[in-house]
Amino acid sequence: MPVVEIVSIRPIRIKKKDGAIIVYRICYRYGDILTACVWIDEDKFSPENIRKMIKADLETRLKEVGGKIEV
Numbered sequence: 042m043p044v045v046e047i048v049s050i051r052p053i054r055i056k057k058k059d060g061a062i063i064v065y066r067i068c069y070r071y072g073d074i075l076t077a078c079v080w081i082d083e084d085k086f087s088p089e090n091i092r093k094m095i096k097a098d099l100e101t102r103l104k105e106v107g108g109k110i111e112v
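Residue 91 in this note's numbering sits at position 50 of the sequence shown, and the numbers go up by one each step.
Simulated from the structure, these hints should not be mistaken for laboratory data.
Glycine included, each C-beta is placed from N, C-alpha and C at the ideal position.
With beta-carbon atoms standing in for the labels, derived distance ranges: (1) K85 x S49: 15 to 21 Å; (2) G60 x K85: 14 to 20 Å; (3) N90 x V48: 17 to 23 Å; (4) K96 x K58: 30 to 36 Å; (5) K96 x D73: 16 to 22 Å; (6) A61 x L103: 32 to 38 Å; (7) S49 x R102: 17 to 23 Å; (8) V64 x T101: 15 to 21 Å; (9) D82 x V45: 17 to 23 Å.
Below, in silico cross-link-like pairs of lysine-lysine (DSS-like), each with a Cα-Cα straight-line distance of 25 Å or less: (10) K57 x K85; (11) K85 x K56; (12) K96 x K85; (13) K85 x K58.
Produce the complete structure using the sequences and hints provided.
In structure tokens:
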């Protein structure tokens, strides 16, 4: 069964008129099947939220496969 491996976490600053916001791009690999990235806001950046985002992304991308997903 493939496992999820986080490949990179990169903070990205987005300039706005009234300052800037920071979002994180988290790239992950699911075995040899899939490599993808998710984006998460700075205020939601926590291990639990990262797990939820990756799991939701995997379920969306692998829905047609019908396999069991472990994150």
